[in-house]
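Engineer: With the hints as constraints, model all of the structure from the sequences given.
Number of protein chains: 2
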Amino acid sequence: MPVKGKKTFNDSAIEQAVTSILFDAEGLVPAIAQQHDSGEVLMMAWMNADSVAETLRSGRVCYYSRSRQTLWRKGEKSGQTQSLVDFRIDCDGDTVLLQVDQLGVACHTGRRNCFFNAIRDDGVAIIADVEIYPDELYKP
Amino acid sequence: MPVKGKKTFNDSAIEQAVTSILFDAEGLVPAIAQQHDSGEVLMMAWMNADSVAETLRSGRVCYYSRSRQTLWRKGEKSGQTQSLVDFRIDCDGDTVLLQVDQLGVACHTGRRNCFFNAIRDDGVAIIADVEIYPDELYKP
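Respectively, the protein sequence lines represent chains H and R.
Heads up, the first sequence is in our numbering, so the first residue is 15 and it goes up one at a time.
Heads up, the second sequence is in our numbering, so the first residue is 15 and it goes up one at a time.
Source of the hints: derived by calculation from the structure; they are not laboratory data.
Just so you know, these numbers come straight off a predicted model, no measurement behind them.
All C-beta atoms in this analysis are idealised placements derived from N, C-alpha and C, irrespective of residue type, glycine included.
Treat the hints with care, as some may be off.
To be verified - Stretch-level coverage of chain H by chain R, calculated; a stretch enters the list once three of its residues show a Cβ under 8 Å from a Cβ in chain R:
#	stretch
1	82-96
2	102-116
Stated by the list, open to error - Just so you have them, the derived chain R footprint on chain H, three or more residues with Cβ under 8 Å:
#	stretch
3	28-41
4	124-133
Structural biologist: Right, here's the structure in full:
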């Protein structure tokens, strides 16, 4: 069901999008999520054809969880949803860039984005604070 | 050999970086390249342990070419190099974010970035112009 205020597409555009993507041998494509206005790279996850179609149909980002082997509607447990702003495919068709509006935090650690480990002269440093504790994100 | 003005690291930091990355069954990790100041996502490619080490040692981005099965020093043929500004690893250790300074264009089509196919209501649209023609980039 389309989400009010999100970018959604009709069946014809969705079919063209899915056809344009070169899914790998496991039927997956890497998808980069970027906050549309700040440019912050939030996370990278995987999509299959069904999750691409659902994302474009609903305007809410849906990935494919390789560990759970099922559709992963981002934020379905944590509430930290991603609304679709723009859906891009790269030159080779084998990577997707999702420009999104992230509600709250993208990372399961409670940080805004997942790329908080930075190489420094003395090794690997954590450069971002936890904004919402995981206990709060994943209440029983 | 370190490149003047690029961010480079010593052997100890490089070893910690390589150890922190969870390479896949083929020894590869996806690497997103982002222009460090504008936030533009330029491309996604793959790295193996050797290319991670060379990138951190030289300050110039080196990927692994899956098609050619060899190290791919970005810009070695086209001259469109990427200087390393920051090297980040995600929460799970299975994706890398390279913040870089891209010289010229990142895409082999001659566009600034690879994500120029955008889904629109009537299908897939090309939203970026060619800035340098491939004939100029890849002279015999």
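Engineer: Now, for every hint given, state plainly whether the structure supports it.
Structural biologist: Going down the list of hints, with the structure as the test:
With 0 residues carrying a beta carbon less than 8 Å from a beta carbon of chain R, the stretch 82-96 of chain H misses the three-residue requirement, and the given coverage is violated. Chain R is given as covering the stretch 102-116 of chain H, and this holds because 8 residues of the stretch bring a CB closer than 8 Å to a CB of that chain, at least three being needed. Residues of the stretch 28-41 of chain H with a Cβ under 8 Å from some Cβ of chain R number 3, which satisfies the need for three, so the listed coverage holds. Check on the stretch 124-133 of chain H: 7 of its residues sit with their Cβ under 8 Å from a Cβ of chain R, so the three-residue criterion for coverage holds.
The structure fails hint 1 only (numbered hints given earlier).
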